[in-house]
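**Student:** Chains D and G supply the protein sequences, listed in that same order. If you're matching positions, the first sequence starts at 1 in the numbering used here and goes up one per residue. If you're matching positions, the second sequence starts at 1 in the numbering used here and goes up one per residue.
Simulated from the structure, these hints should not be mistaken for lab results. Wrong hints could be hidden among the right ones.
Below, a list of computed lysine to aspartate or glutamate pairs in the EDC-like style, where the Cα atoms sit at most 20 Å apart [what the hints assert, rightly or not]:
no., chain 1, residue 1, chain 2, residue 2
1, G, K224, D, E43
2, G, K287, D, E43
3, G, K287, D, E50
4, G, K288, D, E50
5, G, K218, G, E431
6, G, K221, D, E50
For reference, the chains in residue letters:
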Amino acid sequence: MKKIEAIIRNEKLSEVRKALLEADILGITVYEVRGRGRQKDLELQFRGREYKIDLLPKIKIELMIGDNDVEKAVNLLIRTASTGQIGDGKITILPIDDIIRIRTGERGEEAI
Amino acid sequence: MKSSFLLCLVLALAMTTVSPAFAADPAGDVTLAEDPNAPVNFTWTLIAAFLVFLMQGGFAMLEGGLVRAKNVSNIMMKNLSDFAIGSLGFWAIGFPLMFGTSVAGIFGASKWLLTGEAYDVSTYLLWIFQMVFAGTAATIASGAMAERTKFRTYYIISFIITSLIYPVYGHWVWGGGWLSTLPFGLGHVDFAGSGVVHMVGGGAGLAGALLLGARIGKYDKDGKPRAIPGHSISMVMLGVFLLWFGWFGFNPGSTLAATELRISIIAVTTLLAGSAGGVAATLYTWKKFGRPDVTMAGNGVIAGLVAITAPSAWVEAWAAVVIGLAAGFIMVESVLLFERKGVDDPIGAISCHLIAGIWGLISVGIFADGTYGLYTTEAPMVVGLLYGGGVGQLVAQVIGVAANFAWVFGTSYSILWVLKKTLGLRVSKEEELVGLDLSEHGAVGYPYFVSRPEERSE
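Here chain D stands alone, though its shape is the one from the complex:
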């Protein structure tokens, strides 16, 4: 079992979600986050004065995935979240010790 954490562009969330649902990956947790990577600062303007934002708004999603589906999920994310421009985000894959469904007490991949 793996946890996939991905930082993506805000505007890519609906495309990613649609593809995940089509691939029968239902569970997802979404955060609105701010952060920076290699992308340039966002240049804004207010009353003629420019100012820069380097902590850019992004979306972070978390998925719990069975071992056999990890590559499928990763490929799906790369395909749907990519624009080819700097600032597309990152995917990280973390091991999971166990998963427990609170309602039934099921454990492991059964609980996904």
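Dock chain G against chain D, hints included.
**Tutor:** For chain G alone, kept in the frame of chain D given last:
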């Protein structure tokens, strides 16, 4: 403060009880019998007054949107309070000073507390229309002083603006005072208050901004101005539209009579000048900064409206467009100039109201076309330089500008200076950083940004 207010009340009551009640018509039957046009004129003036009242909401939105989220409760309280406390001051002291029997053309002194001879339908009608104007002047100052002024001190200066500073100058122009009887042109004229209302608010705001100093973070260590973005552009633009709408009461309503059909001309000049100001600010910022600046465009509309306020009844459409275009351009340059000079005016109130107000007063002396008189179709007509009126009217306008600034800036700077030395004018550094919502009111504008109900400790 409290005791002196009570003293004024007692004094005022004492004076009214000895003055005989003559010619007062509290029921309205006498007024109606004497003037068949009274119903339409009363209705017109009251509706206009209600429209001007809505401008308080416009200012609240405009100023609220241009400050940071941590100060929005505070600016809302200031907008509410300057009107609420200000209307009491205008009732007790301000209106009598402005429209009471003139003492040497300097101030009025009767009609205290709207009692005795002032307990009259026509006087009450004038009072409410003038009250909403006084409230407008007071609320303008709050914008220039936003995000750092102590609420307590602001409360006091608001009361003083509407009960002393505004009405005395108002008396000089609208109460039969010395400016209105200047031997140039028709005397100083200001149809709906570019000077009486807007320069007064802007001048007091300038005094406040100078004494306060800039907000923390407005200038970098080299003294270069930095952007402090407002927190809601939607609020700003709603504010602009409410103000623009309210201005159709402000200017056309200033005839105080629907029987003056000039009201349609005034409504058109008002609309066009607002549009021209918005266009000028949009195009000029676009050229200057590479992009059309959103809040400056909003300010441009306001500047155009402020400028047309004095000449609105005396100019034709093309002149209104020229006046508005110039106002929008002047406002942008003025905002940048004040900013460079270290005067931190978070919403551009000084440029929109003081500077565009000056231009408005002067423009009467240039563009007045001689087709309309002093709130009447009868001669003498107001004529400016371009229509063969010579420089007389222009001279009267310039004298009015100088007198306005000297009185308003002088009194507000002195009073605020005393308040600064006694009560204090500015919140502490810590209070400013955490935001005035928390430090002054203990009530944030957006509670769920700060905490959620389930996170409360009790």
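**Student:** Determine for every hint whether it applies to the structure shown.
**Tutor:** Consistency of the hints with the structure:
no. : hint               : result
1   : G:K224 with D:E43  : holds, 18 Å
2   : G:K287 with D:E43  : holds, 18 Å
3   : G:K287 with D:E50  : holds, 15 Å
4   : G:K288 with D:E50  : holds, 12 Å
5   : G:K218 with G:E431 : holds, 16 Å
6   : G:K221 with D:E50  : holds, 17 Å
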